[in-house]
Every structure is written in structure tokens, then in C-alpha cells.
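Note that our numbering has the sequence shown beginning at 1, numbered continuously upward.
Hints in this document: simulated from the structure, not taken from any laboratory. In this text the structure is predicted, and so the values were computed from the model without any measurement. Worth double-checking, as some hints may not be accurate.
Taking lysine-lysine and the DSS-like style, the derived pairs with C-alpha atoms no more than 30 Å apart in a straight line are [stated by the list, open to error]:
| id | residue 1 | residue 2 |
| --- | --- | --- |
| 1 | 55 | 725 |
| 2 | 721 | 286 |
| 3 | 517 | 532 |
| 4 | 635 | 663 |
| 5 | 618 | 258 |
Derived Cβ-Cβ restraints for the label pairs, each shown as a range [to be verified]:
| id | residue 1 | residue 2 | range |
| --- | --- | --- | --- |
| 6 | 378 | 461 | 25 to 31 Å |
| 7 | 314 | 149 | 24 to 30 Å |
| 8 | 307 | 642 | 53 to 59 Å |
| 9 | 531 | 378 | 20 to 26 Å |
| 10 | 588 | 251 | 37 to 43 Å |
| 11 | 412 | 148 | 28 to 34 Å |
| 12 | 482 | 262 | 50 to 56 Å |
| 13 | 620 | 31 | 18 to 24 Å |
| 14 | 461 | 31 | 49 to 55 Å |
| 15 | 276 | 248 | 41 to 47 Å |
| 16 | 180 | 584 | 44 to 50 Å |
Here a beta-carbon is modelled for each residue, glycine too, at the ideal position from N, C-alpha and C.
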Amino acid sequence: MDNFRLKFLIGFTFATILSFCGYAGINSRVDGINRIYRIAFIQPSDTSKLSKEEKNDLKSLKKSLDVAGFRYKEVSVEGLGIDKIKDYDAAILPYASAKELKPDGIKVLKNAVESGIKLLFDGITGINDALGVHTLQKSIVISKIRDMQYPSDVLYWTQQSAVNPIDNSSKQHEILCIDDSTKLPIVVSGNFGKGKYICYSTLFDPNTDKGYSRFPFLIESLENVFGLKRLAERRHVEMYFDPGMRYLDTIKIDNLAKQWKALKIKRIYAAGWYYDDKYDYKHLLKVCHENGILVYCWLETPMISEKFWNNHPEWREKTAYLKDAQIDWRFLMNLANADCRKQVFAELKEFLVNNDWDGVDFAEMYFEPSPVGPELPENFTPMNDIVREDFKKQSGFDPVLLFDTKSQHYWRTSNADWRKFADYRKQLCYQLKTYFLDYLSEIKLQKKDFEVMLTVIDVSITPEVSDNIGEDTENTLKCCKKYDIVLQEEDPSSCWGLTPERYDMMGKLYRKRVKEKNKLIFDCNVVSSHEKGYGGFPSEKPSGEEIRQITYNMDLHNARPAFYSEDALFPRDFVNINTVLARDVRIDEKLDGKWVVSTPYTVLVNLGVKNISVKMDKSDWYAMDDDYVIIPEGKHELEFFTPAKDSNRLKLISISGELKGAKFSDNSVELDYSEEYVPCYISINKKPESIYIDSKRANCDIYSNEGIYTIKLPAGVHKAKIELKN
């Protein structure tokens with residue numbers, strides 16, 4: 001063994017003992033607990049000399065790590081030696097840095113990997129030869145790839161590129177990505193000594209500085225190959241649920257609710273247009289509440305229900321061709337008709353009041369067709385008799401004439417007349433919203449801890465959509481202020497192919513007007529909006545990096561994240577959402593194996609082991625379930641012991657609101673919590689005997705299922721005490 005190698009091994013081993021004492025395999029108390037990896041990002045010495053592609057690649061790797069919540073420390077490639085990397089157990093080496101490596105630097109990294117470090121690198125440089133990752137001489141032009149973690153999904157490159165595939169004739173590498181045409185590998189992983197590597201034979205992302213144009217599953221590779229787990233998650237996401245989208249499923253709603261809990265969904269918006277059909281909403285509400293999930297009634301006006309449409313043909317909305325307005329899946333009603341509204345309100349009242357809803361989502365009260373408006377007259381609304389007569393009185397002509405090519409009022413040739421009707425539609429849309437919000441405000445008074453939200457299609461990014469669908473931002477904001485309700489903004493379908501930064505743009509606008517933290521929601525429709533990579537995204541349906549960055553941009557402005565829908569997302573993307581929402585959590589490990597968790601919100605920390613006892617800030621802590629522990633806002637020290645001292649102890653298993661603190665005894669738990677507008681659902685593993693809210697005995701609804709007891713606590717900031725039988 002040469003002196004250089006010996007010196008490295010001694011230094012690396014000594015540093016590892018000092019830096020990682022307390023990690024799995026070294027910690028004398030707990031075996032198998034998740035590791036907290038220290039990551040080095042090897043930075044080029046002078047970025048000003050890099051090409052645009054190299055700069056993009058460098059920024060993209062950092063962006064992907066930042067968005068996912070991976071913390072790293074920059075280490076200069078200049079003069080790279082043992083002392084610079086000995087304290088790390090993983091390193092990211094972008095091409096811009098790798099091409100600077102001198103022979104000594106290559107040797108340092110080679111020895112580091114051989115001694116246990118995990119190294120990710122891209123492009124073809126000297127480090128490839130050092131680790132035995134060779135490429136074929138002949139390049140191929142790539143337009144489609146497959147990531148072997150998810151091989152059923154084709155990933156498209158809209159900017160084709162010549163790439164030298166990796167030579168795997170010796171079968172020494174594990175193939176991670178292949179060219180879809182030739183099936184040749186372009187990303188591989190492998191073992192080298194005690195360490196591992198991931199090699200991209202081309203730049204990770206030379207096209208953007210965001211990291212989403214080529215390989216959407218970098219973070220998944222770091223987890224699956226290197227074991228770099230994202231340990232912090234939040235139970236914060238909100239999901240749309242349409243029972244009609246699952247009518248072919250054999251899964252029972254009981255099991256579906258358990259799945260939603262496991263996916264850490266906080267709220268479900270359940271489609272309410274089956275209220276007059278056979279769907280069992282009471283059972284849906286029961287099983288969701290048993291699992292600590294809030295449930296809102298999702299209304300989709302001007303549609304009420306298919307049955308309402310069939311029963312009341314006299315109130316059907318009309319298109320510009322004076323046909324009944326069944327547009328796509330929606331059966332649209334003439335809500336300008338007072339008798340129609342009266343009947344709607346009568347039917348919905350029993351449905352809303354007599355079911356245990358936590359809120360209502362009054363959604364998409366706009367006029368068709370979105371987003372093209374008069375371009376599609378066969379779908380253009382409203383054109384019922386009431387609207388036609390009212391507008392004619394105001395403007396002197398029947399709005400149907402806007403679509404008569406021979407008329408002087410034809411919308412393409414008479415912009416002034418189209419402008420009149422576009423403004424009329426906006427005012428009518430606003431008026432209809434106020435009718436419904438007046439009604440829903442009365443419902444709210446009859447309920448307790450009930451949230452009303454108004455969901456609209458955003459027209460700030462594409463102002464032309466405002467005229468096309470009758471949606472006006474100022475009118476919407478006026479509604480939210482008047483009724484003190486929550487605003488949910490949904491981007492129009494014309495924006496679904498745009499970059500995730502659209503939510504940052506929306507946030508900068510709406511946060512100027514909606515100051516309350518929890519009164520702004522952004523909604524993303526997860527649909528196949530990138531046909532063959534349209535917009536520069538590899539996956540036809542948002543997944544991986546795109547989902548992470550959508551969530552990230554929503555969260556930049558503290559907007560609550562909502563997605564359509566729970567059945568549309570890939571299961572793998574729920575953890576992407578939950579971990580991005582927890583990216584500000586910092587977890588450090590002390591030399592004695594204790595963890596220090598700093599978090600600005602309630603967070604779930606994955607320990608990786610189940611049969612474990614935890615002390616938080618030197619007190620026994622039983623806010624935990626399965627292999628995760630619930631940590632309240634603040635800075636806390638965690639200490640671990642195994643096996644668990646008493647697996648039969650009273651535990652706080654979940655909480656839908658924010659946990660501010662808790663004290664546990666043999667027969668009780670006291671907790672401080674906060675939850676705005678809606679109930680806070682907490683789940684424990686023992687049957688409660690008595691409940692106190694702010695020192696006063698309270699009668700709270702309790703849901704029980706399979707030995708788990710979920711308690712419905714009142715909204716607000718409170719101190720709750722739950723006692724068991726002695």
C-alpha cells in the first residue's frame with residue numbers, strides 16, 4: 001500500500017469515528033436507526049469560465065438537492081485533498097468540477113470511494129476511468145429514455161442529444177437509465193471497494209438551471225442506491241377525490257382512507273355531486289375521521305348533479321347554439337334562475353348540515369368554455385333566456401348574435417360588442433358567487449368549526465382567459481374579503497404545460513392581497529399535460545422533479561398545496577410532496593448519538609426502526625407511530641433507546657393540526673395544539689375516559705377503529721388533556 005493511500009485510510013477512518021459516532025452500526029444504543037448523511041458538493045474553482053451548459057448543469061444539481069431538502073456543504077475542487085472530504089460520506093461531483101481534477105484529486109476521490117464514500121458524478125472525465133466506468137466510442141442520439149426504477153414510463157428529451165453509452169459488457173454495473181431505442185445504458189451505479197457510485201454519461205441537465213429537463217428521478221436514485229433518505233415529512237397536503245373516478249376499483253373506502261393516512265394526506269375534497277345518488281357519504285366521513293383526515297364537500301357549480309339535470313330540463317343552461325349545456329363531464333344548470341337556485345339550496349342544505357363535513361369547497365363557478373371562450377361557440381355559456389333578455393335590455397341586442405357571422409354584432413368583427421358581453425359575464429359570475437356564498441355563510445353558522453373556500457381559475461398569468469370564462473381577479477378577492485373565506489387558485493389548463501415557477505408568479509401576486517397564512521391555497525391538476533415531453537418535461541404526467549418543484553414553488557409563499565387528484569398522482573410522488581414541504585427542517589447528530597431537530601412547524605421524522613423509546617428534551621416522548629416520531633415546532637434534542645421500554649404505553653399517533661408541545665404520563669396526555677377554522681383530529685392508541693379543553697371538561701366526538709381512537713378537538717389554540725381509566 002503506497003503512503004498516499006495509507007495516509008488517506010488513516011485520516012478517513014479517524015474522521016469517520018469522530019464525525020459519525022452514533023450512526024447505525026456504530027451507535028451502541030440503537031441498531032438500524034436512519035443515518036444522517038453529510039454531503040459534500042464539490043464546486044468548480046471559477047464558474048465564470050464555464051459554458052452555459054456547464055453552468056446550467058451545476059445549478060441544476062444544486063437546485064434538485066435544495067428542493068428535496070438535502071443539506072450539503074460546498075467544497076472547492078481546487079487543491080482537493082484528504083482534509084477536505086474526510087468528514088463526508090457522500091459527495092456530488094458535477095462535470096464542471098470533475099474536468100478540473102488533477103491526477104492527485106482523482107486519486108483522492110478514488111480512494112475515498114474505495115474507503116466508503118458514495119459519489120455521484122456526470123459527464124465523461126478522468127474519474128470515470130479511475131472507477132472503471134467506461135463508455136462506448138460511438139455516440140447515439142437520444143430522444144427518449146427509461147429510468148429503470150420506473151421502467152413502464154417513457155421519458156422524453158425535447159432537446160435531443162448525442163451521448164456515449166456506458167460499456168456494461170462486463171456486467172459490473174447496475175443499470176439505472178437506458179436509451180429507449182437502443183436499450184444501451186446511460187446512467188449506472190456500482191460498488192467500488194466499500195463505497196458506491198452513480199455515473200451519468202452525459203450532463204445531468206445542460207438545458208435548464210432547474211434540473212427537470214432530462215432525469216426527473218435523481219433524488220430517488222440517491223435514496224435507492226446510496227440510502228440517502230429524506231427523513232422529515234409533513235402531513236399537510238390536500239387532495240381532490242371524485243368517487244366516480246374510482247367506480248371500477250375494488251378497493252373499499254375503509255381501505256382507501258387508510259391509504260390516504262399512510263400517504264399523509266391532511267384534507268380530502270370529496271365530490272358532492274352524488275348527494276342524490278347512492279354514494280354513502282356518511283361512511284366516507286366516518287372512515288376518514290377515524291383516520292384523522294379532514295373532509296370537505298366539493299361543489300362544482302354550475303353543475304349540481306346528473307340527477308338534478310335529468311329532473312329539471314327546464315333549468316338547463318344553454319350554449320351559444322341554444323343547445324343544452326352538457327360540457328365534457330359537467331351538466332350545467334341555469335343558476336341565474338331564482339327558482340333553480342332555490343331548489344339547489346334546498347337540496348344541498350340537508351346534505352351539508354346533516355353530514356359531518358369539516359368544510360366546503362365552492363369550486364369553479366365560471367362560464368364555459370375554458371380557456372378558449374368564444375372560439376368554441378358550441379360550448380359557450382351562458383345563453384339561457386334570462387341572460388339573453390337581461391343583456392338585451394342593457395345593450396340593445398341579443399347576445400346570440402355575437403355568434404352569427406352575418407350579424408353586425410359578430411364577436412370577431414365587433415370587439416366593442418364582445419367587450420360588453422364579456423364584462424356582463426364577469427359581473428354575472430360575481431353575482432352568482434355572492435348568492436352561493438351568502439347561502440354557505442348561513443350553513444357555516446349552523447355548523448361548528450367549518451371552513452368555506454372559494455376555488456377559482458387563476459387569470460393573472462393569462463389575462464385573456466378572464467374574458468373567455470367570466471372570471472375576474474378583483475371580484476374574487478372582493479368575495480374573499482367580504483365573506484372572510486379561504487381562496488384557492490387553480491391555474492388554467494393553458495398553463496399546465498408551463499414550468500413550476502408559475503406558482504411563484506401567482507404567489508407574488510396573491511400574497512400582496514391575501515395576508516393570512518392559511519387563507520391561500522394553490523391547486524395543481526396532475527394530468528398528462530406534456531405529450532411527448534411538451535414544455536421540456538420528460539414525463540408526460542408531472543412526476544419526480546416536476547412534482548417536487550411544483551410543491552416547492554407553491555410553498556415559497558406559504559400557500560397550502562392542493563392537487564387534483566388523489567388517484568392521479570403516482571404513489572411515489574406523495575413522499576415527494578411531503579418531504580419538500582418539510583425541507584426547512586434541520587436534523588443534526590451529536591457525537592453521543594443524540595439528534596437535534598430544528599423545525600418551524602410540526603414534522604414527522606422517520607427513524608427507520610419501530611421498536612424504540614424516545615426522549616425529547618430529556619423527557620419521555622410518546623408522540624410516535626410505526627417508525628416515525630412527531631416533533632413540534634422548535635429546536636429539540638432526541639435520544640433513542642431500544643428495545644422500547646413499554647410498547648403498551650399511551651401514544652399520540654397522529655395530529656391533523658400543529659402540535660405545540662405535549663406531556664405524557666401513564667394514564668394521560670396533555671397537549672398544546674393549534675388549528676385554524678376547522679377541527680383538530682388527534683389519534684391515540686387507548687380508549688379515552690375524559691377530555692378537557694383549557695381545563696374544562698368537554699364532550700368531543702370520538703371515532704374508534706381497530707384499537708385506534710380519534711378525537712375531534714375544537715378549532716383554535718388550545719390546551720387539551722386526555723385521560724384514560726385508572
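Tell me the hint numbers this structure goes against, listed in increasing order.
1, 3, 5, 7, 11, 12, 15 and 16
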